[in-house]
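Participant: Given only the sequences and the hints, what does the whole structure look like? Please build it.
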Amino acid sequence: MNQTFNPASIHQAIVEQQKAQDRKKMIVNGVLLLLLMAAPFVMYPVFLMKILCFALFAVAFNLLFGFTGLLSFGHAAFLASGGYTTGYLLSNFSGLTTELGILAGTATATAMGLVFALLSIRRQGIYFAMVTLALAQLVFFFFVQSEFTGGEDGMHGIPRGELFGLINLEDNLNMYYFVLAVFIACYLLVQRIVSSPYGQILKAIKQNEPRAVSLGYNVDRYKILAFVISAALAGLAGSMKSVVFQLASLNDAHWHMSGEVILMTLVGGMGTLLGPVVGATFVVNVEYQLSQGPLRDWVDPILGGIFVLTVLAFRSGIVGELQKFMRKNLG
Amino acid sequence: MSSNPDREYEQLRMSGLHAFYGESHILHGIDLVVHRGELVTLLGRNGAGRSTTLKAIMNMVGRRTGSIMINGEETMQCAPHHIARLGVGYCPEHRGIFSSLSVQENLTLPPVVRSGGMSLEEIYTMFPNLYERRFSQGTKLSGGEQQMLAMARILRTGANMLLLDEITEGLAPVIVEKLGEVLVALKNKGLTIILVEQNFHFAAPLADRHYVVEHGQIVEEISANELSAKQSVLDSYLGV
Amino acid sequence: MTMIFGVPLAVLSGQLLIGIINGAFYALLSLGLAVIFGLLKIINFAHGAMYMLGALVTVVLFDLLGVNYWVALFVAPVLVGAFGILIEYFLLRRIAGQDHIYSLLLTFGVALIIQGVLTNIYGVSGLRYSMPDLFKGGINLGFMFLPYYRAWVIVVALLVCFGTWFIIEKTKLGSYLRAGTEDSQLMQGFGINVPLLVSLTYGFGVMLAAFAGVLAAPIYSVTPVMGSNILIVVFAVVVIGGMGSIGGAIITGILMGIIEGLTKTFYPPASSAVIFLVMVVVLMIRPAGLFGKEA
Amino acid sequence: MSEQYVLETRNLVKEFKGFVAVNDVNLQIRQGDIHALIGPNGAGKTTVFNLLTKFLIPTRGQILYRGEDITPLKSAAIARKGIVRSFQISAVFPHMTALENIRVALQTAEGSSYSFWKSGHSLHKLNERCMELLESVGLAEFANTTTVELAYGRKRALELATTLAMEPQLLLLDEPTQGMGSEDVDRVVALVRKAAQGRTVLMVEHNLSVVSKLCDRITVLAQGAVLTEGDYQTVSADPRVREVYMGSDGSGERGAQAPSQENVEAAQ
Amino acid sequence: AISDNTVKIGYLADMSGTYRDLAGPNGLAALEMAIKDFGGKVNGAKIEVVSADDRNSPDTSSSTVRRWVENDKVDLVAGLVASSVSIAVSKILEENDRLGIVSGSAASSITNEHCTPNHIHYVYDTYPLANGTASAVVKEGGKSWYLLTADYAFGHALEGDVTRVVEANGGEIVGSVRHPFPTQDFSSFILQAQASGADVVGLANAGADTTNAITTASEFGVTQSGQTLAALLLFLTDVHALGAETAQGIQLTTGWYWDMNEETREWSDRFMKETGVRPTMVHAGIYSSTLQYLNAVAATGSDDAQTVRKQMMETPINDMFAKNGRIREDGRMVHDMFLAEVKTPAESRDEWDLYKILRTIPADEAYRPLSESKCKLVNN
Ligand SMILES: Nc1ncnc2c1ncn2[C@@H]1O[C@H](COP(=O)(O)OP(=O)(O)OP(=O)(O)O)[C@@H](O)[C@H]1O
Ligand SMILES: Nc1ncnc2c1ncn2[C@@H]1O[C@H](COP(=O)(O)OP(=O)(O)OP(=O)(O)O)[C@@H](O)[C@H]1O
Ligand SMILES: [Mg+2]
Ligand SMILES: [Mg+2]
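Chains as they are written, first to last, in the numbering used here: chain A, 1 to 331; chain B, 1 to 240; chain C, 1 to 295; chain D, 1 to 268; chain E, 1 to 380.
Hints may contain errors.
What the hints assert, rightly or not - For lysine-lysine, the following DSS-like pairs were computed, each having C-alpha atoms within a straight-line distance of at most 25 Å:
no., chain 1, residue 1, chain 2, residue 2
1, C, K136, B, K140
2, D, K118, A, K24
3, C, K170, D, K17
4, C, K136, C, K293
5, A, K19, D, K118
6, E, K46, E, K36
7, C, K136, E, K41
8, E, K73, E, K36
9, D, K125, A, K25
10, D, K74, B, K140
11, B, K140, C, K170
12, E, K143, E, K343
13, A, K19, D, K125
14, C, K41, B, K140
15, C, K41, A, K206
Hints were generated in silico from the structure; no laboratory data involved.
Facilitator: Structure below.
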């Protein structure tokens, strides 16, 4: 059988294969985009924006967890610090346009991400998760103690303002398309990162860290970069969320939120691109719809049941299982 | 070779054994018989399925079909811990040294399944390295020392059928030589041994019979005295 | 009066003692968690719920059947432990060998179910349970009034902790457990009934949590959500001690009780955050916790 | 080349809690040599490797690379200097294809490894070199196979190819033939010989036939210290080496002394 | 006119979390009782109820209420417990000009800096809680106070109010400790309170924190050693959980108690038949405020927020919940409050017979005077 192959053709096949994958990705992205563009005419825009914000949060988390193998249990800190910063600036400096407020929120989260990363990156496995949790708890403590956050009453009445001083964001549709644009941009960025040369190294580090070290990679730096990007995107999600809802609250900083994003990612399918989006959509929807309906006293146990079921029956998450199914049945 | 009264006793009989890891079908109908006190080897290329055969005996593969009789008892439905209790000692290819236990704890870990195993002193005299390092963490041993430990610990249990996977791997020639002597001694005590080996030079003089495995099937059975006659066949299988 | 940083010595000694008592509680809870994580590699997010169940079962048994405290001290942990074994058998077993994160998700789901269902039955205000008569009152130690019940808590909690440590670190059974967590398949290959061992271990860890719950019933408000906040604190204790180190969990538990107690004296608002500060600092200096072995 | 030795260690010591694993070792490795480190189990060979690549920090002593003191450098920095190792226990990226495994190594030199904004297609230019390397270890047909699915021996071969992709100046191989069938062993021997052209190789190996075929110079370690040094002839003739390491059968073949000489001859 | 010929009421409250028992599902029952008692229809128009769990989350609640007012045409939002939720919801109601009646929140900021022309704060807030309990206790001789304050906005507000009242009455705060929220073990704080030698240990916290603090205080013999416990916010459900034995002698302020008179007893019996428990002041407030709302709709023939609110402000409230209650321009419903003491086990007939009413605190004395208001609707 040594005679039947030749390296050039294998190389060709690999390139073709990747191109085919790219085409598939393009199709999926296109369909997704169309759906999202049309969505506000079918569903309630503020609710859709909530989903998009959480989806972005989960995508950010998954970049670190699903693609780098680092489980952060403190991502709520970034969501909240983005939200509070943007909220504070927009409420107190009326000259500031919305996008600057959001940028500032993102920048704060990015800086905080760098600090978290520097302090935690050397820890392995569960220790890493716990250091990030601990740091996030300290941040939570800071938010509880600070006057500007409004404590458990929260920060209210954040003005949505005008995008670039031009587009009125008080209008829900305008706001929606702005959030959508940001979301799509971030999603494509993560898609790009994952398949980029850098993404390959992340994958390698995730799979066998000592080997990556022995190949001459300073793995800490790669991990820090991933952490910072992830924190920035999480902060961006928080910033946008505070503008959408015009409020920021301690719920976003609580460790339950760090837990929730893990759950969203797992339910959707970790290590897949679409998984966190689907997971966030699913969890936010289930929680919201249940809280409205006749089962509103039973939201927690039902969510609990869903998590149990996910682990037992759909371990790779909704998207992961779907991919498996397609691979099996459609080759 | 010393002729043993039990020589005719069937210690192990595998028939039509198939084994799977998840989706992949690894063993395609293995048939073999090992008598009490015999030492047989499983030879073959990398990936032929020799380790899998041993694991299948221990019920450590994903799924199995066919039949495995140990001491005349069907074991297809048995959990691994029952199989061990039938007197089977397994030394895995990956060594399986426990890092949370000291060397000595590792050594005394497997429960004694039958009387007649070696004592701790005997083992320490056989492997002085282990004695020297007996209080250090199991996985802090050097590669070769771990290999010795993996082998040594099943000698204590009194198992009368040993499944040994690549036990000379990574050992210095002196130790390999010593292991050879140990195997001969064990055989003389009446133990049944199934040996998976890459090191044919080590295995050849010890074994009563050789099975050649390829693509999950037994393709050849060669007894010690036909070895020279079938040398070329063997070479072609092993790619020497 | 002798003062230390503006706090009278008498008050400080009282606070230290209180710290040790709370530490004994933490030790008991984190011990169960350490056993479950250390030995089974299960991140048991249902631990808080099991603690709660221990307390709730005590109260409910009393209300329904008039079962007294002393009986509950044995019966409640056994019942909850048996429940834990069922969870292990029907749920956790199916994900053995998978990434730890799945056990987190699974046990978190289980905790949500247990807490949610019980909230709908018993509400959140708390259930009434009165102190056994034997423990009413206390002694004056000079620097503080020590309720008898707290003295009992510290004694019994430390005894249970020490017993558990001994079994796991010093007995053959313990070495089976430790080895079984690393390579359960091979342990089975040596003739040990690992699945049974795993069930029993999980049940035992859960029992420890429930035992702490019974101890808590007379002194804390018993509600279905009483375990949800204590959970991450206990996790922090286990991590600071070093995952998998049984002795570490016990010592750290007590240490954290003391540190928390001192914080409650000097800067109370930080008393819930201080443990996380300690965790960051400890892991900075010792990446595998105080007593953990580095990988 | 002004320096005669590529790598030198001076009084290298490693202690573990009072146990001396490496004791005052002075190694001198000449440019272009294939240098073997042999010795009984637990002699400290792997530990020396770990010290050279900083997976362990020396208790005392110095490591010089081309005359430069590299003792304080970290693992990754050492790898970037061109000192690359393979592991005793196989080290691959299990969920990547064989080709991707090698590509990761090639990316080090590429300088684009932080480029998170670049397309994945930018890596295809490395594929050709990957295929060459895969072919050289006989794995070309498995280029697109996920590594977990490879048999043990093939994983080892892949690991070697990955290491070579780093274009190392000094190659450290820890038991490269372990777990391989004789067929593969021969391939590896050929491969190492090919790889050694223009490079220096330091290897640990228990298979004496490999050592005798390949190595220009041999250092024997025992109990952490250097026992003797020289070419294969000298070393194998040394009675101390025979006693602690080679055993009674110093023939250079790996294996025990045969209880029955005929069988062995038959087997050869 | 009544929009779409339907009056739609949305009930939003914590159905599953920490505040479940004081409002929760039973609050919905109280609301439905009010509609039934009103006759199920108003001026021939249907009355519909929708309900949701607020998840104690302002953003989930915002989504819910936005949909309610924008899509489902909800006219009134009732319930409203967590203050972050109440404030967030009131902003949305203001934007969309609908009405909200807050029955569960304690924050007095709801009708102060966060006041809007679109909501009413009905049952109680921190101001009278401090006023009632603190002044009564000081007047009885509890001059020196030690405060255990929950370290968040609610606790801080309560602490501020108590300090003001205690000092105004000639008492003094000798010490205080801010404990994290939530805290399970209070022994350390109780010990500090004991060591302070204060006459009174004031609990400026709520819910499980308060019950835990009281349990621990009883365990450590705080009352035996001569100190008085004053809880600033206790609901009937909390006292019920503690039991008379542990809670006896504690003084507290409440807006309503089920066993005050024939009228309250009659309604409470009906409530208990529905739900199996005695109502808290929040449950009674939800019932009362819903009836008042429906009366106003009937009187004006309109469900327009401003029309109804105006009508409600002009109508004094006289029902089983309040006598001579009135709604001020800042949205605060002011009514008499009551100083109560928890009965001893000997005095208590059954598990719900828990309070002795000691004193009535007249409405004008109880609530923050408008002259101190920071509300944008009040001209100061
Ligand atoms: N856990 C597993 N999952 C899937 N496939 C496996 C697994 N373990 C082994 N295999 C595959 O089964 C086949 C036989 O493997 P086995 O380990 O039995 O080979 P072997 O003959 O012992 O060779 P080696 O010399 O490599 O040990 C190989 O192709 C291997 O890739
Ligand atoms: N981290 C460690 N802690 C304690 N002792 C160690 C550690 N690493 C190695 N050792 C000990 O140091 C000695 C040398 O080990 P090393 O792995 O270098 O041996 P080696 O020469 O590579 O042997 P082999 O040929 O068996 O692989 C051994 O006795 C081993 O037990
Ligand atoms: Mg094998
Ligand atoms: Mg070695």
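Participant: Against the structure, test the hints numbered earlier, and report the numbers of the ones violated in rising order.
Facilitator: 1, 4, 7
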